[in-house]
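These protein sequence lines map, in sequence, to chains A and B. Residue 187 in the working numbering sits at position 187 of the first sequence; the count goes up by one each step and never skips. Residue 871 in the working numbering sits at position 599 of the second sequence; the count goes up by one each step and never skips.
Please note: incorrect hints may appear among the correct ones.
Each computed DSSO-like pair below joins lysine-lysine, with the alpha-carbon atoms no more than 27 Å apart [said to hold, decoys possible]:
| hint | chain 1 | residue 1 | chain 2 | residue 2 |
| --- | --- | --- | --- | --- |
| 1 | A | K204 | B | K902 |
| 2 | B | K335 | B | K298 |
| 3 | A | K204 | B | K851 |
| 4 | B | K605 | B | K574 |
Covered by chain B, according to a simulated footprint, are these stretches of chain A (three or more residues, beta-carbon under 8 Å) [said to hold, decoys possible]:
| hint | segment |
| --- | --- |
| 5 | 122-129 |
| 6 | 132-138 |
| 7 | 153-159 |
For each label pair, taking beta carbons as the anchor points, the in silico distance ranges come out as [as the list claims (entries may be wrong)]:
| hint | chain 1 | residue 1 | chain 2 | residue 2 | range |
| --- | --- | --- | --- | --- | --- |
| 8 | A | F107 | B | M567 | 52 to 60 Å |
| 9 | A | E142 | B | D458 | 36 to 44 Å |
| 10 | A | E139 | B | G570 | 35 to 43 Å |
| 11 | A | V33 | B | E910 | 55 to 63 Å |
| 12 | A | K24 | B | R566 | 32 to 40 Å |
| 13 | A | S167 | B | S533 | 19 to 27 Å |
| 14 | B | R472 | A | E142 | 52 to 60 Å |
| 15 | B | S904 | A | K125 | 39 to 47 Å |
| 16 | B | R580 | A | F218 | 52 to 60 Å |
Simulated from the structure, these hints should not be mistaken for laboratory data. Every value quoted in this text rests on a predicted model; they were computed, and no experiment measured them. We put the beta carbon where it would ideally sit given N, CA and C, even for glycine.
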Amino acid sequence: MFDQADSFITADGRTIGAVMMEMKNITLRFGGVVAIKDISFDVREGEIRAIIGPNGAGKSSMLNVISGFYHPQEGEVWYKGARRPEMKPFEVARQGIARTFQNIALFEGMSVLDNVMTGRLNHMKSGILSQAIWYGKAEREETENRAVVERVIDFLEIQHIRKTPVSRLPYGLKKRVELARALAADPKLLLLDEPMAGMNVEEKEDMSRFILDVNDEFGTTIVLIEHDMGVVMDLSDRVVVMDYGKKIGDGPPDEVRNNQAVIDAYLGVAHD
Amino acid sequence: MTVTDSADLVSIPALLARNAREFGDKAAYREKEFGIWQSWTWLEAVEQVEALALGLLSLGAGKGDHVAIAGRNRPYLYWAMLAAQSIGAVPVPIYQDAVGDEIAYVLDHCNARFIVAGDQEQVDKILDIRDSLKNLQTIIYLDPRGLRKYDHSMLKQYQSLQDEGRAARGDLGDELAKRQKAQTYDDTCVMLYTSGTTGRPKGVVLSNRNVIETSKNSSQFDDLGPGEEVLAYLPMAWVGDYTFSMGQALWTGFCVNCPESAETMMTDLREIGPTYYFAPPRVFENQLTNVMIRMEDGGRLKKWMFDRAMAHAKRVGPALLSGEPVGFMDRVKYFLGDIFIYGPLKNTLGLSRVRIGYTAGEAIGPELFDFYRSLGINLKQLYGQTEATVYVTIQPDGQVRADTVGVPAPGVEVRVGDNGEIYYRSPGVFVEYYNNPESTASTKDAEGWVATGDAGFFEENTGHLRIIDRAKDVGKMADGRLFAPKYVENKLKFYPNILEAVVFDNGRDYCTAFVNIDLNAVGNWAERNNIAYGGYQELSQHPQVLDMIQAHIEETNHSIAQDPMLSGCQVRRFLVLHKELDADDGEMTRTRKVRRRTVEDKFDDLIVGLYGDAQFVETTTEVTYEDGRKGSISAKLELRDAVVAAEQQVAAQ
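So that you can see chain A by itself, here it is in the shape it has in the complex (with noise of 0.2 Å):
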């Protein structure tokens, strides 16, 4: 299914491109505990590409990687076909990657549009005196990205709590009002870490069509880890399976599957 053609067309219709990103020989460790052993593997432009494995795989931990908030021992991150040299997180999101976090990190107190508009900061330039006296091109531009904004609420179907205080929705939506910062910042890349952590069937329905909603309409490439089995096999193109720091599987989710080595991890073996 996956040769190293450029860019080819699946079975749904979907057009792969080439390797966006290639993760070669990482190594993560923390003080003595090696959180991520020597993992290879690549994103493809427009793939959901899923990461999964038991509590404590590393599976946060890559993402964390890939976003530039850890930065491995060894092993380089290679992105748009160039060494990326050790970053910090925003300038990691100024190339255009956005990530969700596991556990939701919005700003309470704001309204939700007030949320995802921090997910434009980046594409704003105007100075800060500028925007304090709200005029010339501070007010175009915020315009602008409201416009964008708007869009996005459009999109993932949360007009109605617009002007709603983050503290006072449910679960479910915080959940999806994190996923449109995200989607704000126009990402190439989205990194979603357990975008379905603890919500019920219907809500997971509903995300799920979100995130194939995002890859189909902006052809977002999407890096996601998930627990939820049966949530990933449906929704990725491939797989990554880490155990213990270690990938013990790659491939596409039917392949993965039948993994013997992955059935083990997940139904649970003695480890040596």
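Following the hints, complete the assembly by docking chain B onto the known chain A.
Using the frame of chain A, we list chain B on its own:
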């Protein structure tokens, strides 16, 4: 500004052309999208309609073809109806939340050739049943989201069809003009399917004459002008929405505003501040419930002020509104109340500017009705039917009461038959049920009188019509006393905690009831009282909830006992249902009226239980999920006895 009438205004598109001439740059349609109210003038609307009409012509749409329309209220979909009418085709709006079977029945029955669908959800439903629709040629969809990768052999995007239409103007412009010119007053204007509390839906054919005459009369009656603002949020397939947002809007040239989504309706209502407002009782109930919930959460001072002001309003508000004499001090108090409570409350509800409000579709509880009247909102009742193009009777300003539905509407004759059934004859009387001559004949007689199926009588001194109930539902109990379930149900539904009630007599000499709690209100109450629950079913059987409902029923019994004619309708035993009655399960119509017979059949085990003496009954019920899958839920329901107010009132008469 008033509208001009002339003999050539014989179709809805002709009205559109007149509005473009007379009010060209005035806003005709608005829709909130991307957080902003977008608006279209009459001239712009004409251009949009023409482009789509030409597009339909380019697809080969012929005169008399049926064009189905499925989606939420959007200007584009109203234009689709106008476009269909422009080329002599017949628009058939269908309920957007209808499930596959229901849509299949309607589309098959009218043999629809084109469908205009709002979004992916509607398209999916239609594609699922495509095989059974032989005549279907093209599905025209509006919102392209999620549809880009679909097989487009049968699909077409709305705007791209319009573009094709614009490109073909040179070739097809003459044909369009010819078709528009060929229309007569007696051509079919629209076909609306009745919601069908009984049996299969029927396609009611309304002519241009029906719609335009009715719109003309009713607009005059309430002095509607081009300056009115309405919010179009009720199902497009409902005759009310067609008459208000199409008939009257086109006749008087007022602006139709469409909400951003169903969830934002209340916010949008506030932003628009309609001057002419329409809602079924259920919407008023929900609004009141929300107000009450929020007052419960309010501080003591606020609550005290609210209670005092509302008690005063209840006493003098309706009288003030009807222009009856009210004492000076009462006026002063009401004025103060208006500043502190009624005004802000009306503003919150989005009803500050309402000049004329109507409730219809179902009987409204008197307490509910008076609540809005007492705030100074000119809420009135009308009584109507799809078959009458809405209007049968209507309440004139100053003669508004909760227990009547008013006098015959302009141009309508009403009479009460020997059996108590109401009949009417008017310019709005429908042409026929589509492809159903037997039903047409049994409903409409040779002289044009239509049977309503409702029982009622004219009050002797006022000439107002009072509806008792569906003729079929009103009956006599085993001991000969009058049984009018709706009357009791409406009283019960006034309580914010009760969403729905169904009362039975089961051919016995006392009544029992099923109750649906309002999850919103009771859930809020549970939260305040630290009662944990997992969902509707668990909450509905909580002993404290049952106590609460029992108290409501006993209070209602007490109030019913005051009416000697109906005192037999007191509820002696009740249960709270383990599921909400739902249109997807066929227990309600799409306009949310309870299908009594279905409920009776489906829950017959519970009714048997209510007329037995067990304290609990176990039951299993099949439910349909929104996506059409089926499942079942089991529950153990508690049956409770309610205290019946003493029969002394009966004895006293």
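Quiz item: Does 19 to 27 Å hold as the CB distance between A:S167 and B:S533, or does it fail?
Solution: holds, 23 Å
Quiz item: When you check the alpha-carbon spacing of B:K605 and B:K574, does it fall within 27 Å?
Solution: Satisfied, since the Cα-Cα distance of roughly 17 Å is no more than 27 Å.
Self-check item: Given hint B:K298 paired with B:K335 - CA-CA distance at most 27 Å
Solution: violated, 31 Å
Practice problem: Starting from the hint 39 to 47 Å, judge whether the C-beta atoms of B:S904 and A:K125 obey it. | Solution: violated, 59 Å
Exercise. Using the beta carbons of A:E139 and B:G570, state whether their distance is inside 35 to 43 Å or not.
Key: Taking Cβ atoms as reference, A:E139 and B:G570 lie about 39 Å apart, which means the hint holds.
Practice problem: Indicate whether the distance between the beta carbons of A:K24 and B:R566 respects the range 32 to 40 Å. | Solution: Roughly 58 Å apart at Cβ, these two residues miss the hinted range, so it is violated.
Self-check item: Annotated coverage of the segment 153-159 of chain A by chain B, confirmed only when three residues or more have a Cβ within 8 Å
Solution: Holds: 5 residues of the segment 153-159 of chain A have a Cβ under 8 Å from chain B.
Self-check item: Satisfaction of the hinted span 52 to 60 Å by the C-beta atoms belonging to A:F107 and B:M567
Solution: violated, 30 Å
Quiz prompt | Outcome for the supplied range 52 to 60 Å, where the beta carbon pair is B:R580 and A:F218 | solution = Holds: the Cβ-Cβ distance is about 55 Å, inside 52 to 60 Å.
Practice problem: Decide if the proposed pair is consistent with the structure: A:K204 and B:K851, CA atoms, cutoff 27 Å inclusive. | Solution: It holds: about 23 Å lies between the C-alpha atoms, which stays within 27 Å.
Quiz item: Do the alpha carbons of A:K204 and B:K902 lie within 27 Å of each other, as the hint requires?
Solution: Distance of about 19 Å is within 27 Å: holds.
Exercise. Go check the segment 132-138 of chain A versus chain B for me, would you? Three or more residues, Cβ under 8 Å, otherwise it fails.
Key: The restraint on the segment 132-138 of chain A is violated, since only 0 of its residues have a Cβ under 8 Å from chain B and three are required.
Hint compliance for this structure: hints 2, 5, 6, 8, 9, 12 and 15 are broken, all remaining hints hold.
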